[in-house]
Amino acid sequence: MGKYIIKRLLQLIPILLVVSILAFGLVRVLPGGAAVAYLTARNIAPTKESIAAAEEYLGLNQPLLTQYFIWLKGAAAFDFGVSYASNKAIAPEILGALRNTMGLAAAAMVWLVLISVPLGIFSAKKPNSAFDHFSRGFAFLGASAPSFLVGFLLVLLFSVKLNLLPSFGKRNFASYIMPSLTLALGYIASYSRILRNSLLENMRSTNVLYARARGLKEKRVFSAHTLRNSMIPVVTNFCLSVGGMLAGSVIVEDVFSWPGMGRLIISSIEARDYPMIQAYVVIMALLYITINLVADILCAAINPKIRYEA
Amino acid sequence: MEPVLEVKDLNISLKEGCNTYKAVENVSFSIGKGQTLGIIGESGSGKSLTCMAILGLLPADVWDYDAEIVLNGKSLPFRDNKAMRGYRGTDIALIMQNPMSAFNPVMTIKRHFEETLAAHKNWNKNQIKAAALEMLSQMRIKNPETVYNSYPFQCSGGMLQRIMIALAVIMEPSVLIADEPTTALDLTVQFEIIKLINQMRKKYNTSVVIVSHDLNVIAGIADEIAVMYSGFIVEQAPAEEVLNSPLHPYTAGLFRSRPSYSKERLSEISGQPLSLKQRNSMCMFSERCPLKGEGCSNFEMLAHKVSDDHFVRCCAKEMTKTSA
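If you read the sequences in order, they're chains A and B. Numbering (numbering that gives the first Met the number 0) for the first sequence: 0 to 309. Numbering (numbering that gives the first Met the number 0) for the second sequence: 0 to 323.
Just so you know, these hints were derived from the structure itself, not from any lab. Take these hints with a grain of salt, some might be off.
[Unchecked claim] Cross-link-like lysine-lysine pairs, in silico, DSS-like; alpha carbons within 25 Å at most:
no., chain 1, residue 1, chain 2, residue 2
1, B, Lys120, A, Lys218
2, B, Lys109, A, Lys216
3, B, Lys109, A, Lys304
Work the whole structure out from these sequences, hints included.
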């Protein structure tokens, strides 16, 4: 297991190098040029002289390779330079936004576990019962309703009509409720169905029959055999979507004015804040890979087959 | 001798919507202490259903069944899943046909032993381990300690089948049901497994019900043989009698199609058994029977007693015997 983790960590290095080249190159091919963007962000008219001065100041007149290495050196020390838009250091700004996004994702995961596990179990216990049909309908709606719609409907109900929850921003614990629920809904829908189907399949499996034939209590048969084995595909799928949950909260953050990564990147793109975009790409890639690694370790922990083959 | 297990008039039918289809009919047998009953028949003849019914493991929403099953003089509450739990594993143990999928892949062999024994006995982990290791070495597993701590997917099929026997015998059950215990294994391992089951039977004086479609397996171990066809026991008698003078044309056909080391072409029983939905009031075997006569199309599969411990369900036999 230790060897496996080290191997995976070493794989990080080439991946991050490629990502850094892409992030660096991507910004250079965007039309407009960084110097112009820098000047526009500062409300300075982009004349020939001012552009030359800005290029000089930003180091854009140096050879591309030199620029890349200067940037990479900084990035390795977590110094991504200064934002064009706010003129502040990028790293603390991005980390603050990242913390908010991760908080949102964590809250969404709590919803996910709290709702989809019982939903899946109860619909599997009585397949095709009224409850199962209800949860199927719920899953269908939840999976097909876009999150901006769900978000606005929640705001309409809980903020405008009932005046219970704050409709935007991140102020207190209550402001987590609606954005995280909106983010979780699509996942809840699919995971409750995955769990239900996996449970139904496992209930008829030979190892469950054998567990029963050995005289185990029904409770034990369910928890140690049916449920545990059914969780494997759920956790595997879940592991795949954690990264997506972090990166994909853009719409939800926009609806609820959540000061997270999604909003940050959208405003940075609008302002053509190149250093910020580069930093975002690199940090997101790093985060994605780390989360996938954690997810893989989690999968290995519940499935010994993976543990021994790795 | 008082029988250990007695099954009387076991009828099982498949529920499908408003219809029911009979899958096993009037199966009755009894086994004495330390005796082995071999049930032989082709796929779909109801062998496994019979085994599962004894353990009360047929899901009630699919199968409808009725019988009187008596274990050590007490009637088994096979319909009551909760009450049956106390019998499963302790009084009646099961060896299944596909060891590779019967064990839970995410649990070590150790956990399998622990959960099984914890369900029935108040042993601590060390006691369980000692008993399990002892049992595993009796199964001629060379490094029981390693095997005990390994996962099912790290063991071979033959190994898992031995572990399964160990798990079954460790509680010294009065009845051991082996449902096709050798089907998934290769030939040399098959022989070993049969030998082990037989040894355990002798050692613990357990009664064994062994189910197989393989005549060699049954012939090697059974004291009594029941031949099943389309849900009926078509012939039942002590092993030598069935092997030496089979009376039912199906039994005879089975024996003729048993491979031997000669160059002659193996004879076969032509045709297919009737599907559940095709079964009606005629003899189930008549379509394939070489002795088919007029009586066969309206034969209620009644048992004809040839002697005290030999019966056959065949109208041709009934007539020839009565006329003789």
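Handout entry: Hint numbers contradicted by this structure
Key = none
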